[in-house]
Amino acid sequence: MISSLKIFFEEAGTLTHFTLRFFKELFIPRYEFKEFIKQAYLIGYKSFPLIAVTGFIMGLVLTIQSRPTLMDFGAESWLPAMVAVSIVREIGPVITALIFAGKVGSGIGAELASMKVNEQIDAMEVAGNNPFKFLVVTRIAAATLMLPILVIVADAIALYGSYIGCNLQGDVSFPLFFLQVIEKLSFADIFPAIIKTFFFGFAVALIGCYKGYYAKNGTQGVGEAANSAVVYSSLAVFIIDMMAVQITNLL
Amino acid sequence: MESVIEIAHLKKSFGSNEVLKDINLKIEKGENLVVFGKSGSGKSVLIKCLVGLIDPNGGEITVLGKNLNEVKGKALNELRKKIGFLFQSGALYDSMTVRENLEFPLRDLSKPKEETDALVLEALQNVGLEEAIDKMPSELSGGMRKRIGLARTLILKPEIILYDEPTTGLDPITSKEISELILAVQKKYNTASIIITHDVECARLTANRMMILKNGTAAAEGTFTELSQSNDNEIRAYFQ
Chain A
885 MISSLKIFFE
895 EAGTLTHFTL
905 RFFKELFIPR
915 YEFKEFIKQA
925 YLIGYKSFPL
935 IAVTGFIMGL
945 VLTIQSRPTL
955 MDFGAESWLP
965 AMVAVSIVRE
975 IGPVITALIF
985 AGKVGSGIGA
995 ELASMKVNEQ
1005 IDAMEVAGNN
1015 PFKFLVVTRI
1025 AAATLMLPIL
1035 VIVADAIALY
1045 GSYIGCNLQG
1055 DVSFPLFFLQ
1065 VIEKLSFADI
1075 FPAIIKTFFF
1085 GFAVALIGCY
1095 KGYYAKNGTQ
1105 GVGEAANSAV
1115 VYSSLAVFII
1125 DMMAVQITNL
1135 L
Chain B
31 MESVIEIAHL
41 KKSFGSNEVL
51 KDINLKIEKG
61 ENLVVFGKSG
71 SGKSVLIKCL
81 VGLIDPNGGE
91 ITVLGKNLNE
101 VKGKALNELR
111 KKIGFLFQSG
121 ALYDSMTVRE
131 NLEFPLRDLS
141 KPKEETDALV
151 LEALQNVGLE
161 EAIDKMPSEL
171 SGGMRKRIGL
181 ARTLILKPEI
191 ILYDEPTTGL
201 DPITSKEISE
211 LILAVQKKYN
221 TASIIITHDV
231 ECARLTANRM
241 MILKNGTAAA
251 EGTFTELSQS
261 NDNEIRAYFQ
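Top line first, the protein sequences correspond to chains A and B.
Using our numbering, the first residue of the first sequence is number 885, and each one after it goes up by one.
Using our numbering, the first residue of the second sequence is number 31, and each one after it goes up by one.
Hint data in this document are derived by calculation from the structure and do not stem from the laboratory.
All C-beta atoms in this analysis are idealised placements derived from N, C-alpha and C, irrespective of residue type, glycine included.
Any given hint might turn out to be false.
Said to hold, decoys possible - Straight-line alpha carbon distances no greater than 27 Å define the calculated DSSO-like cross-link-like pairs of lysine-lysine that follow:
1. A:Lys930 x B:Lys102
2. B:Lys244 x B:Lys217
3. B:Lys59 x B:Lys165
4. B:Lys68 x A:Lys1100
To be verified - Non-contacting residues of chain A with respect to chain B, defined by C-beta distances greater than 12 Å in every case (computed):
5. Ala936
6. Pro952
7. Ser998
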């Protein structure tokens, strides 16, 4: 029990140090713009197809599943607005962040862990370069900025999926669907939902980088880093979401 | 002669395992020191302590006149640029081409592109692999990876090079080529080197002086001939 507590506090201390080092290195030149752009492309653009398909299915399925209940209450016309609020406020950001954690978090964890066990990170260090700035700062910054963009795109595609869903068993024109969505969505729905995605992106990349950067035990460590990066970053997404909902409710 | 590395009473433990107990060592400019020892005897730990990758528990290390205990951050990185380190695996960056691998150590020096290209070409010529410039590490053989690793080490024209098992895993012909390359680098750039190896032929070709590490201390020191013809059976066993 005492040794478990000791390990927990040691891990918490190392993670805190890692996070503080990120903020310190972020603002000190030299700035790795070229690597940042490359990571933004890999993390953002390369995740787009997966996020788009997930978003479309999310909107379509939620609409089809919600219709019978709303019909029972004679509130079928509320379908576009209800689905839009659900997607924009909660489902879009959280599902996209979880997909992002699965793809990007595990990718970062496995890549850095592989570099660690193959001594590539040590090679950068002994050449007098700064591997933390090149590998960690660029990835965390790229993920923090790319996830909100992906969430906005995923929300838009999910709403289009919802429009298709509405028309599978009913008949609603796109202008009418769009009008109902816009009328019911307020600034208070969109703004907090987007803000929290910056934190989701930051947490996913931070945990991926942390697990990869401190990987041990050879190739086994690579698997462990990728696995634990997904598990802990998914958990972090839910915890941040819970905190964000509480804060939004207070405001 | 001018000493480039001085080690005094170096100690390093991992938990209760005392890997280095009391290492004292001096290396002169332009000298090749070969270190023999069983696996786990602390050879790699010794050279990793010299570049600050592992912090020792005690003792003093002076590299190029600077005490490693007192050099931190930017100053340590500046010192590291004067020390080359060839890893056992080559440690090439998988996601970069050979050219990008060689350009990477130069990134903080802000050199013009023409100068960078010339340095990359010179480093590749030194190891005889100019044609591999646009290849990815995955396209290279084990021997080629070692040579490119050495080229990346040479690009900063270091005063000291640390070789961690440079011929391990290579066939005898390629091993001999790498050993000859180590000698050629020593002659061309007058570098001091520590070569960690189990390869007797590599030691015979490259060593000006040898040290045998045993139980965390230097069990024997001398030239290749002195140690290979030692009266101590245990010392002679390393050369069979």
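Going through the hints against the structure:
1. A:Lys930 x B:Lys102: 39 Å, violated
2. B:Lys244 x B:Lys217: 30 Å, violated
3. B:Lys59 x B:Lys165: 35 Å, violated
4. B:Lys68 x A:Lys1100: Holds. Lys68 (chain B) to Lys1100 (chain A) sits at ~23 Å (cutoff 27 Å).
5. Ala936: 26 Å, holds
6. Pro952: 50 Å, holds
7. Ser998: Ser998 (chain A) not clear of chain B: closest Cβ-Cβ about 8 Å, inside 12 Å.
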